[in-house]
Amino acid sequence: MRCGVVIFPGSNCDHDVYHVLKHVLEQDVLFLWHQDETIKSCELVVLPGGWSYGDYLRGGALAALSPVMAAVKRHAAAGGLVLGVCNGFQVLLEAQLLPGAMRRNARLRFECRDVHLKVERNDLPFTRHYRVGQVIRMPIAHGEGNYEDAAEALDRLEANRQVVFRYVAPDGAPDPEWNFNGSARGIAGVTNAAGNVLGLMPHPERCAEEVLGNTDGLALFRGAVEAAVKPLLAARGGAR
Amino acid sequence: MRARVTVYPRREILDPQGKAIRDALVRIGFPEVHEVRAGKCFEIELGTEDAEQAGEALAKMCKKLLANTVVEDYEIELLQEEPA
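For the record, the sequence lines run as chains F and V. First residue of the first sequence: 2, per my numbering; consecutive thereafter. First residue of the second sequence: 9, per my numbering; consecutive thereafter.
Treat the hints as calculated values from the structure; they're not laboratory data. Careful, some of the hints might be misleading.
A short list of chain F residues far from chain V (calculated; beta carbon distances all over 12 Å) [as the list claims (entries may be wrong)]:
| no. | residue |
| --- | --- |
| 1 | Arg3 |
| 2 | Leu26 |
| 3 | Glu27 |
| 4 | Glu38 |
| 5 | Trp52 |
| 6 | Asn106 |
| 7 | Cys113 |
| 8 | Asn182 |
| 9 | Gly183 |
| 10 | Arg186 |
| 11 | Val212 |
Subject to a maximum C-alpha distance of 30 Å in a straight line, what follows is the list of computed DSBU-like cross-link-like pairs (lysine-lysine) [as the list claims (entries may be wrong)]:
| no. | chain 1 | residue 1 | chain 2 | residue 2 |
| --- | --- | --- | --- | --- |
| 12 | V | Lys71 | V | Lys48 |
| 13 | F | Lys74 | V | Lys48 |
| 14 | V | Lys72 | V | Lys27 |
| 15 | F | Lys74 | V | Lys71 |
| 16 | V | Lys68 | V | Lys48 |
| 17 | V | Lys27 | V | Lys48 |
| 18 | F | Lys74 | V | Lys68 |
| 19 | F | Lys41 | V | Lys48 |
Being a predicted model, the structure only gives us computed values, none of them experimental. From the three backbone atoms N, C-alpha and C, an ideal C-beta is built for every residue, glycine too.
Bound-form chain V, shown alone (with noise of 0.2 Å):
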């Protein structure tokens, strides 16, 4: 099973680096860009293809790993396997 991590700066807390992205998007013509918010995106492969226990590992890994839940939020996402 593959699933799909993403952490990104929480919503309260200032992204600087999002900010920045956000300037350099309006100075290249998109002025409609409100809010950039600069995150990291994880493909994980899992020996297993148990849903339930694929997300608690997941979870488990956000919190100990992949985020920092002082400052980021993430988001899991099981994606299904092409059919062969």
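The shape of chain F in the complex, shown without the other chains (with noise of 0.2 Å):
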């Protein structure tokens, strides 16, 4: 299993995932750098927060269309495993592996804080070690998290089981004031429809340790990691 992290200039999460595929799942990992024609026969891409071209633009806009994301498109669409957090997320949403988009938070503050999380699915390789309806803790730190899309987009994202992560109530229900930066319908994560690309703005990888005492987001590296091979190879078998 290989993994790689991309490098944009201004990423600033990529050792912190670097280090929880490396050090504490003890995987093979690379930084892939922006201006890399290929992701170097990684079966998992991870895009990490930070501020990719120093969100000149709209976050992630720049990114989206460096070199090496030409590479992780031809990835996602042969059913290689992509993980967008927070930046990551929207430079995905910018190269259109997923649907919808990011505004400015509804309050206008930069959101640096815990926020509850609740699993819809998971059936998918991120999501296999936690169950459905599992209320789950991580940090989030952006500026720029507001997820949006046309009323009709959004009702489809529902109708495909898209959403994936879900802004909570430590006890799991719906409501406006944990939902920080006023996404639609507390939308915190999203899956393309083969289930392939996951985005977040929540922060995995600043809890995956003991020591940070926290680890509700390793379980998500350990099924992307586990689960990395399978599909690259799926996809493989049926294009010959």
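Take the two lone chains, each set in its own frame, and fit them into one complex as the hints suggest.
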């Protein structure tokens, strides 16, 4: 299993993700540079948080057009696993690997705090170690995480079960008070129709070790790492 | 040829920045302000004098990069060159 962590100019969670994959889960990990034309046979590609290209124009807009993203798109189309966290999620939206868009947080504040997430489905590689309906805790740190799309697009997203994580109160109830960025329908994380690309605003890499006081994020990486090989093989087999 | 492209949040979508600016304008004595939409403006120099060609290229630029059409609209304006 080989994992790649993409570095854009301005990424700042790249080493955190690397650390979790390399030292906590003991995987083969390498950094991919935004100008790389390939993903160097990585089976799981992670787009980390940060401020790619200084958030110029829109968060993720310029990173989405970088050379490495063309390779990431090919990887995703072949069924390979792609995870985008925070700014990485914004990049996936701008690259149209996931539907929707981000706006400024509704209260115009940079929100840096723990949130509670309800797991909507556990039939994805990323969520196989969670239970459906389980409430997990993860930190967020962003100014533009206010997920939005047209009403009919949101309906389609729900009908296709593409909402993976939702901001909820600690008891799991939907509550606008606990939806700090004002995201439509409390959406914190979405997947594509095939379920091999996941984007979320909260930071699982910041809660993946006992020493950090919270390990709720580790299961997400563990699930992805365990499953990464299979879909790729299936996609290649189908092409023959 | 020069062009001006303005990009702003779509009408049906709440614009938190615009709302904050509107509230500030009301606070400093402009109660007549009902709505503000905060956007971006780009001045673009093009190496063509063909207005039709320029318009087509600019529309593509907007869709591919300058605007995120999920949440933003855009307007394209071709600017008259000052006579030399």
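### Query
Can you list which hints this structure breaks, lowest number first?
6, 8, 9 and 19
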